[in-house]
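2 protein chains.
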Amino acid sequence: MLKKEMRIAVIGLGILGGSYAQGLSQAGYDVTGVDIDYDTLQYAEEKGWVRRAVSNPAVISDCDLIISCLYPKDFIAWLKENQKYMKKGAYLSDVTGIKREVMKQIRTFLRDDIEYIACHPMAGRESSGILYASSALFENANFIIVPDENNTPEGIQLARDIAEALHFGNISVLTPEEHDRIISFLSQLPHVITMCLMNRSNPEEIRKFSGDSFRSITRIARMNENLWPDLFVMNKDVLLEEIDGFMQEMADFREMLEDEDMEKMKEKMRLSTAKREQLGI
Amino acid sequence: MLKKEMRIAVIGLGILGGSYAQGLSQAGYDVTGVDIDYDTLQYAEEKGWVRRAVSNPAVISDCDLIISCLYPKDFIAWLKENQKYMKKGAYLSDVTGIKREVMKQIRTFLRDDIEYIACHPMAGRESSGILYASSALFENANFIIVPDENNTPEGIQLARDIAEALHFGNISVLTPEEHDRIISFLSQLPHVITMCLMNRSNPEEIRKFSGDSFRSITRIARMNENLWPDLFVMNKDVLLEEIDGFMQEMADFREMLEDEDMEKMKEKMRLSTAKREQLGI
Chain R
0 MLKKEMRIAV IGLGILGGSY AQGLSQAGYD VTGVDIDYDT LQYAEEKGWV
50 RRAVSNPAVI SDCDLIISCL YPKDFIAWLK ENQKYMKKGA YLSDVTGIKR
100 EVMKQIRTFL RDDIEYIACH PMAGRESSGI LYASSALFEN ANFIIVPDEN
150 NTPEGIQLAR DIAEALHFGN ISVLTPEEHD RIISFLSQLP HVITMCLMNR
200 SNPEEIRKFS GDSFRSITRI ARMNENLWPD LFVMNKDVLL EEIDGFMQEM
250 ADFREMLEDE DMEKMKEKMR LSTAKREQLG I
Chain W
0 MLKKEMRIAV IGLGILGGSY AQGLSQAGYD VTGVDIDYDT LQYAEEKGWV
50 RRAVSNPAVI SDCDLIISCL YPKDFIAWLK ENQKYMKKGA YLSDVTGIKR
100 EVMKQIRTFL RDDIEYIACH PMAGRESSGI LYASSALFEN ANFIIVPDEN
150 NTPEGIQLAR DIAEALHFGN ISVLTPEEHD RIISFLSQLP HVITMCLMNR
200 SNPEEIRKFS GDSFRSITRI ARMNENLWPD LFVMNKDVLL EEIDGFMQEM
250 ADFREMLEDE DMEKMKEKMR LSTAKREQLG I
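As you go down the protein sequences, you meet chains R and W in turn. Counting from 0, one number per residue, gives the positions in the first sequence under numbering that gives the first Met the number 0. Counting from 0, one number per residue, gives the positions in the second sequence under numbering that gives the first Met the number 0.
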């Protein structure tokens with residue numbers, strides 16, 4: 000359970016880390032911000048999002064909960080280097096967008112007196128850096144906790160308490176396998192699709208001739224090249240399957256169009272309309 | 000040129016026709032609304048969007064400009080039946096989303112004392128019917144005029160004046176071939192893509208686990224089954240090419256992922272990001 004007297008360290012004050020620091024400070028927790036960038040530390044301190052803003056990771060030695068908001072590979076490298084500073088019995092959490100590979104790698108070297116509880120907050124923007132951080136990102140967003148056999152009920156409850164302190168809406172628990180499959184379809188595949196569509200476009204034509212539809216389908220076409228390729232590769236098996244499934248669906252529709260099969264096309268449109276209506280606006 | 004004393008008939012008071020009637024009335028024109036649905040006619044009249052709301056198409060005999068806001072096949076059928084009522088020298092325009100086929104069919108039977116100037120307002124919603132109509136749809140939207148060798152400079156100017164009266168932003172002139180190719184990529188292909196993605200989804204999973212990205216890429220997944228299959232089939236040659244081009248781009252990216260070619264994937268993301276940034280939010 001997350002208690003008010005617990006000291007929390009947030010590692011990496013980017014858009015997510017900055018938003019975590021802000022939200023947890025606002026909820027009354029004692030937050031230490033750790034980052035390698037001086038301007039970022041100063042910004043977090045001036046905003047009042049952290050009690051301490053420090054570049055030296057040794058500062059985490061008095062913290063009860065360490066939340067890494069680093070990219071997956073950076074998280075693993077940072078942890079290898081700095082777990083020595085953590086106090087016995089500390090909790091560790093994260094925000095990485097894929098889970099099987101990250102959890103597998105961490106289990107190979109994590110100290111056995113530290114409990115790592117994997118989390119994935121489903122919130123973000125197409126921009127990075129603390130200047131874009133805002134705890135409002137999390138209002139009613141989805142939050143996924145991804146425990147494995149090493150987690151305790153207390154660790155899972157702690158993750159739930161973090162999500163509630165940050166005002167997430169739906170908090171779910173998934174296995175690493177479920178998580179990676181669902182995220183592959185709901186987040187990775189849409190990014191691949193929108194990127195491929197965007198890359199075949201002529202921006203001048205879009206500006207002069209498009210309606211709203213092209214703009215909205217490509218809203219997520221700005222992709223952080225330092226994050227996404229790693230996420231894709233670490234989830235390659237599942238993502239390849241989802242790409243294949245989507246391309247088969249496209250090929251099926253292409254055949255209906257080729258055959259001018261009006262009834263089958265209408266059926267697909269009715270299904271799509273009904274499914275989308277369940278989501279609201 | 001569109002003159003204030005010209006009488007305009009809007010045929011079909013759905014979301015587009017209703018919005019045309021509202022916008023043209025607000026701009027000071029004399030608008031006659033024609034529809035087969037009594038409630039629709041009454042709504043247009045009560046709103047003050049038309050001077051006359053009439054179900055009998057013979058009413059167009061005193062109109063100088065007839066704008067069909069019907070679906071493509073309905074437009075063609077309506078025109079065959081009712082062009083006999085049009086006065087000599089009347090102008091005819093439309094809002095249909097594909098042009099080569101519609102223009103070709105109309106040229107086979109149109110009276111030679113009527114000038115048909117094809118137009119495509121790039122505005123709409125995922126809903127249909129006059130209850131969703133609003134001239135605000137057109138504020139700064141794109142408008143495409145698609146003349147052919149039968150059009151006069153006066154006819155083209157008239158189309159431009161309609162677009163300006165309705166507060167469209169960018170007004171462009173394209174050939175039917177250019178129009179159908181560009182629209183196929185900017186509107187038809189995105190709808191095929193979003194529909195295929197939506198149809199592979201599980202709405203319960205979306206609700207519990209998605210971030211904003213899935214919601215925004217599928218905003219246009221509600222598709223009017225009475226309109227889109229005809230639009231697709233009438234533009235089949237070009238749309239099949241665009242589907243194939245997109246699927247090749249997907250296949251190329253799939254290979255980069257399979258090969259874990261980080262540099263090529265990053266290059267694709269940089270391109271997508273740069274192109275999307277040119278569009279603004």
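Since the hints were made in silico from the structure, they are not lab data. Be careful, since some hints might not be right.
Treat identical chains as interchangeable: a pair holds within one or across any two.
[To be verified] Straight-line alpha carbon distances no greater than 27 Å define the calculated DSS-like cross-link-like pairs of lysine-lysine that follow: (1) K79 / K103; (2) K87 / K72; (3) K207 / K86; (4) K83 / K3; (5) K83 / K2; (6) K274 / K46; (7) K2 / K87; (8) K72 / K86; (9) K103 / K87; (10) K83 / K207; (11) K235 / K72; (12) K2 / K263; (13) K207 / K274; (14) K2 / K274; (15) K235 / K263.
Going down the list of hints, with the structure as the test:
In the homo-oligomer, the alpha carbons of K79 and K103 lie at most 27 Å apart inside one protomer (14 Å), although the nearest pairing across protomers, at 69 Å, exceeds that limit. For the homomeric pair K87 and K72, the shortest alpha-carbon distance inside one copy (24 Å) is at most 27 Å, but the shortest distance between copies (74 Å) is not. Within a single copy, K207 and K86 get their C-alpha atoms no closer than 59 Å, and across copies no closer than 35 Å, so neither meets the 27 Å cut-off. Proximity of K83 and K3 under a CA criterion of 27 Å is satisfied intra-copy only: 25 Å inside one chain copy versus 81 Å between copies.
In this homomeric assembly, K83 and K2 come within 27 Å of each other (Cα to Cα) only inside a single copy, at 24 Å, whereas the closest approach across copies is 81 Å. Proximity of K274 to K46 under the C-alpha cut-off of 27 Å is found in neither arrangement, the shortest distances being 42 Å within a copy and 34 Å between copies. Proximity of K2 and K87 under a CA criterion of 27 Å is satisfied intra-copy only: 17 Å inside one chain copy versus 83 Å between copies. Proximity of K72 and K86 under a CA criterion of 27 Å is satisfied intra-copy only: 23 Å inside one chain copy versus 73 Å between copies.
Taking the closest pair of Cα atoms, K103 and K87 come within 27 Å of each other only inside a single copy of the chain (22 Å); across copies the shortest separation is 79 Å, beyond that limit. In this assembly of identical chains, the alpha carbons of K83 and K207 never lie at most 27 Å apart, being 58 Å within a copy and 37 Å across copies at closest. Taking the shortest Cα distances, K235 and K72 sit within 27 Å of each other inside one copy (15 Å), while across copies they are farther apart (46 Å). Proximity of K2 to K263 under the C-alpha cut-off of 27 Å is found in neither arrangement, the shortest distances being 57 Å within a copy and 46 Å between copies.
Taking the closest pair of Cα atoms, K207 and K274 come within 27 Å of each other only across two copies (15 Å); inside a single copy the shortest separation is 32 Å, beyond that limit. Taking the closest pair of Cα atoms, K2 and K274 never come within 27 Å of each other, the shortest separation being 41 Å inside a single copy and 47 Å across copies. Proximity of K235 and K263 under a CA criterion of 27 Å is satisfied inter-copy only: 16 Å between copies versus 32 Å inside one chain copy.
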